[in-house]
Amino acid sequence: MTISNYQAMKKIILLSLIAIFVGCKESNELNPVSFIPVGGLEDFSVPGVGQKNIKITDGRIVIHLPANYSAGDFIKPVLKASNDYKPSPDISNGFSFEGKSIKFDLKSATYSPVSYEIYVIPANPIQAVDHDKDYELIVQEGLEIDIPLQIRGTAYTITDSGSVVDLPALILKNKSDQTSVRIPANMGIDASGENVLRVNFPWNMQVGEFEGTVEWGSKKAVLPDNFILKPGAIDVAAMPWVDARSARYQVQGYNFLPGKRYEVIIENDFVKPRKLLLDRKDYSNLELNIPAGLPKGSYKASLLVDSKPVAVRTYKYLYYGNFHIREDETQPILGLISQRSKKAFLEATRTEYYAAATDISRNEPVMTYVQKFSSNNAVPTLILRNITTKKEYSLTQMRDLTCIMDGAFCFNNFEISKEIPDGQYEAYVTMNNGGASEKYGQILNIR
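Okay, so the sequence shown: first residue is 103 according to this note's numbering, each after it adds one.
In short, the hints are calculated from the structure, not lab data. From a predicted model like this one, the values you see are computed outputs, not experimental measurements. Do not take every clue at face value.
What the hints assert, rightly or not - Derived DSSO-like pairs: lysine-lysine, alpha-carbon spacing no greater than 30 Å straight-line:
{"no.": "1", "residue 1": "202", "residue 2": "178"}
{"no.": "2", "residue 1": "541", "residue 2": "402"}
{"no.": "3", "residue 1": "377", "residue 2": "541"}
{"no.": "4", "residue 1": "154", "residue 2": "182"}
{"no.": "5", "residue 1": "493", "residue 2": "474"}
From just these sequences and the hints, can you work out the full model?
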């Protein structure tokens, strides 16, 4: 055999050995051992629980209790730690787990500590109580219900995919169209001291008959009683502003029933009232395509259902109107113009606010509430445009602000100079960062 042949043979043998080694490694990876040591933990078991029901990954010990687990709310694990690691606290003495967050550390004088969290999941953690009759509910704001129910196991659970879950959920499936809605819930205690699932229904809940399923991590249980949701009175949320680029106007609320006619009337001091038809999308949404010729600015909007007016909530302490058409989403809104003499109080809370004013006295500052979208530090200048002469006057902000609701909302103050004659005026604001509002929806009478 020549030297070159000998060298070639050595390479072939070496490559063959490497291939055999890699093949063995791949084979071992395809057939993992049932327990993989994590940190300083070499072995962990629980009497009465099969080893296949215990999973340890990334500092989490997940224990799935079998249906015949006989120790109740108690676990006494057997664990073995490597080197000089010892558990702290010593969980080998056993612990109760119901509704608790279980954690321990393996500590060593030589090595860094290793932390673990324990999740105990019973075979049937969700235990519902038969209500004996269906839940009949009226859809309205603040709809809440307590469902007799207990969830067993640790305070937190973990899904099969490894996500930690701290809150249960109620899944309602509509029996007519099979659509479902998932509602996050909380556990609570009712007046009689019983455990309950406390559910706050969302504002866009539709009416109908529903089957209820409680979800806790990857565990689910169908409730024995159905949910029958019936429509209540129409309730309309405060109407939002509209950006011109979307050209969509959305009304949100409760109990927009099919088969009814929904209309909106919009108006301000510069545009005659216009009645426009709204499209019903579902029980909680109405929509309108904004007419192309409608000027941008602030408006008052009122809702009609079958030609009858329906009350609409407004933020009267911040906005004269409830319908604002803007050029884009960064444009500020001149929401309210008032004066200090217009102080009033909200009926429900007796909280002070300043009512919108159109008759403006030059003997006191003009107050404006400006909602900013591009920069909260932008400073407004109030522009008054005389309707008769078309001449504009710029009012510089005074140093002091006037605030309401413990400083949550603040008004800019502007002094009316002597050079501004009595008369009727349009108003808008410009910002020192280059932005400007649309025209305020009311005509101001300065005297």
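Hints, one by one, checked against the model:
1. Taken as a hint, the residue 202 and residue 178 pair is honoured in the structure, with Cα atoms around 15 Å apart against an allowance of 30 Å.
2. Pair hint residue 541 plus residue 402 holds up; C-alpha atoms about 13 Å apart against a cutoff of 30 Å.
3. The suggested pairing of residue 377 with residue 541 holds, with an alpha-carbon distance near 21 Å, which does not exceed 30 Å.
4. Straight-line distance between C-alpha atoms of residue 154 and residue 182 comes to about 17 Å, which keeps the hinted pair within the 30 Å bound.
5. For a cut-off of 30 Å, the pair hint linking residue 493 to residue 474 stands: about 26 Å separates their Cα positions.
Hint compliance for this structure: every hint is met.
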